[in-house]
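Since the structure of chain V is provided, determine the placement of chains Z, S and A on it from the hints.
Quick mapping for you: the protein sequence lines, in order, are chains V, Z, S and A. Note that my numbering gives residue 37 to position 37 of the first sequence, counting from 1, and the numbers run on in steps of one. Note that my numbering gives residue 156 to position 156 of the second sequence, counting from 1, and the numbers run on in steps of one. Note that my numbering gives residue 121 to position 121 of the third sequence, counting from 1, and the numbers run on in steps of one. Note that my numbering gives residue 41 to position 41 of the fourth sequence, counting from 1, and the numbers run on in steps of one.
Treat each hint with caution, since some may be false.
When chains are identical, the list treats them as one kind, so a pair holds in a single copy or across two.
Stated by the list, open to error - Quick list of in silico lysine to aspartate or glutamate cross-link-like pairs, DMTMM-like style, CA-CA up to 20 Å:
#1 196 - 15
#2 74 - 125
#3 74 - 103
#4 124 - 148
To be clear, the hints were calculated from the coordinates, so they are not data collected in a lab. These figures come from a predicted structure and were not determined experimentally.
Protein chains: 4
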Amino acid sequence: MNKNEWPYVTPGIPDDNFIQGKTPLTREEVRVVILTKSRLKRNQVIYDIGAGTGTISIEASLLVAEGTVYAVEKDPEALTLLHKNKEKFGVDNLIIVEGNAAEVMEGLPAADRIIIGGSGGKLKEILELSKDKLKKGDYVTVSAVTLDTLGESQILLGQQPWESFQTVQISVTRVVEIAEYKMLRALNPIYVMSAKRGG
Amino acid sequence: MNKNEWPYVTPGIPDDNFIQGKTPLTREEVRVVILTKSRLKRNQVIYDIGAGTGTISIEASLLVAEGTVYAVEKDPEALTLLHKNKEKFGVDNLIIVEGNAAEVMEGLPAADRIIIGGSGGKLKEILELSKDKLKKGDYVTVSAVTLDTLGESQILLGQQPWESFQTVQISVTRVVEIAEYKMLRALNPIYVMSAKRGG
Amino acid sequence: MNKNEWPYVTPGIPDDNFIQGKTPLTREEVRVVILTKSRLKRNQVIYDIGAGTGTISIEASLLVAEGTVYAVEKDPEALTLLHKNKEKFGVDNLIIVEGNAAEVMEGLPAADRIIIGGSGGKLKEILELSKDKLKKGDYVTVSAVTLDTLGESQILLGQQPWESFQTVQISVTRVVEIAEYKMLRALNPIYVMSAKRGG
Amino acid sequence: MNKNEWPYVTPGIPDDNFIQGKTPLTREEVRVVILTKSRLKRNQVIYDIGAGTGTISIEASLLVAEGTVYAVEKDPEALTLLHKNKEKFGVDNLIIVEGNAAEVMEGLPAADRIIIGGSGGKLKEILELSKDKLKKGDYVTVSAVTLDTLGESQILLGQQPWESFQTVQISVTRVVEIAEYKMLRALNPIYVMSAKRGG
Chain V
1 MNKNEWPYVT PGIPDDNFIQ GKTPLTREEV RVVILTKSRL KRNQVIYDIG
51 AGTGTISIEA SLLVAEGTVY AVEKDPEALT LLHKNKEKFG VDNLIIVEGN
101 AAEVMEGLPA ADRIIIGGSG GKLKEILELS KDKLKKGDYV TVSAVTLDTL
151 GESQILLGQQ PWESFQTVQI SVTRVVEIAE YKMLRALNPI YVMSAKRGG
Chain Z
1 MNKNEWPYVT PGIPDDNFIQ GKTPLTREEV RVVILTKSRL KRNQVIYDIG
51 AGTGTISIEA SLLVAEGTVY AVEKDPEALT LLHKNKEKFG VDNLIIVEGN
101 AAEVMEGLPA ADRIIIGGSG GKLKEILELS KDKLKKGDYV TVSAVTLDTL
151 GESQILLGQQ PWESFQTVQI SVTRVVEIAE YKMLRALNPI YVMSAKRGG
Chain S
1 MNKNEWPYVT PGIPDDNFIQ GKTPLTREEV RVVILTKSRL KRNQVIYDIG
51 AGTGTISIEA SLLVAEGTVY AVEKDPEALT LLHKNKEKFG VDNLIIVEGN
101 AAEVMEGLPA ADRIIIGGSG GKLKEILELS KDKLKKGDYV TVSAVTLDTL
151 GESQILLGQQ PWESFQTVQI SVTRVVEIAE YKMLRALNPI YVMSAKRGG
Chain A
1 MNKNEWPYVT PGIPDDNFIQ GKTPLTREEV RVVILTKSRL KRNQVIYDIG
51 AGTGTISIEA SLLVAEGTVY AVEKDPEALT LLHKNKEKFG VDNLIIVEGN
101 AAEVMEGLPA ADRIIIGGSG GKLKEILELS KDKLKKGDYV TVSAVTLDTL
151 GESQILLGQQ PWESFQTVQI SVTRVVEIAE YKMLRALNPI YVMSAKRGG
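So that you can see chain V by itself, here it is in the shape it has in the complex:
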């Protein structure tokens, strides 16, 4: 599958279309909620911080079309997968940036949207830099799979210049057929938070 092979007008590429490693990827149903809450527009510049396997980056690249997605990641194994997935989906507008977000963000062009999927314990610094990269009315989206990130985000995004802060928890259970039984299989819940940069 490549860019021309995702023929649908919504995100939601099935998980197994991505080349995966040991790192758990953001699952289809959760991914579409994160992307939805990010309020993407065509031609925008997006950062995907802690891009991991690249699932959000690739969906975002397809959605913004002539826009650009910067996928920031520091983990070598994740970077390998990120490159493979970029190639697989043929998304030329996806630029992979190697390094700690807190260090490399400064060098990137201004952004319209910042999606933070992993912050490596540097959420405060990343949000501080995000203020400078975004202009009034732009959105930041943070997803949290830990109570640490949840708690920190509640404090940081509840402050100026962040506005219209909202939080949802998404729990997905998939029905999986095992030996003719339809088993209920829970995915881990995730908190998705978004806020708008105020004036």
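Then chains Z, S and A, alone, in the frame of chain V:
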């Protein structure tokens, strides 16, 4: 807001953008999962069966753009809201069809996707008609807020000509600020099922 | 730990107190809901059908004290664990019955409560036998981790002689510390159903 | 129903057995998890802080039997319900204490268990006092329906003298029959946290 005022490349119109009555509407986060699982393409013909307030119909109308959405609904109160929301969003490609799906579907042009949000106890008949309206490779999506629809769908969509049947349960909890407290407020869980029409 | 070493007045033995194999056991939080819905009294005779590792059986044995628990199980590996856990907890009022419930239930003394955690595809037969073993006002409890058992239970327990049928879905997420992060880890959701035998 | 009329060996009094006001009460399934995590023993002294309608207090009174439960509550409306429910269930070992926990706790006798269902923004003070009231090996249990209490508890219970800190989120969905349909109705999720007082 009208068609030209939803500037984003994903669905996910906030709930309070819709004109609402007493009928509960399909909430933003669940709506995007239903739309995602429906695998919509531009220019397609979509049926939204049991359209209710019209949230899915309107999002689908915006997504398929030059395609057409037939919103089938029988409840007078819901129909009033459906017309108001169509007008509010200025979606000319949304056609409201009054009546029982099992009776009016036959008269509609062939469909590429059928999304069933309400079946009024006639799921079997609606799926029977859906077989005729869809061609090989097309998708049907059923959402269930009751164990009745869940159970019936599991049987009906597990049979020929339906293939690639999948089921997910989505539970969304929103964080709502009440008197400076961030309360966890659960939305009712919903099962989203989809299947492809086989040959 | 043995019978005299669970000093608390509620059930809820931590999972890791049980000797475990590959079979997933019913987790503490779900177990207490199943036991609660079973409305156990001292001195009662309880069947635990599909007893598995024996977590429900052991908790029930401690709760009914001078009553008796019959743990019915057919899987050899589970039976080994069941015996080991019986020994570990020193519950003399727990009687392990080897075999298919549909075959061995008939030979057991009358029951006051029947808890069905696994039915091996024979739920209908087991509930049929349960009617004969229980008297008016007694309870049956069924837990379901599959949509199959859920669907079948909805039909079977919705009929005479079953009354006061109720269903709840329990989803538990545990916070687990991994490398100083508090990760959200979902357990699979489970449906717990209970009904009273009518006249 | 009174003390002698709850004939079961587990907690789990159905919600509608309690006299209820506008304040939402802790639901049966969640209540049993809170009580379970509190590791109650017969003859113990329990505080139920922010007792509300008294559901936890009454269940605890029945469980500890010859022990004593102090139900601390400041809201006049809740206090009225608390008195009514005490009377209804005939629990003589339940002592209702009117006032702010942070102020009245000091005057109470030493406790074996402290269950905090509401803290009125004074969780820190209440936990500080709890340290003095509990001895080594005793448990405190905090339930949180807000991200505020969740976040604060994570910090406070993660410190000395608190040990063996654990957190679970419980989400319950009830199946409710409405016009012959079995509707899925979510209760709001709740976080239940417990910790042991260290040396």
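Evaluation of the provided hints:
no.	hint	in the structure
1	196 - 15	between (29 Å within a copy, 18 Å between copies)
2	74 - 125	within (16 Å within a copy, 42 Å between copies)
3	74 - 103	within (11 Å within a copy, 51 Å between copies)
4	124 - 148	both (12 Å within a copy, 19 Å between copies)
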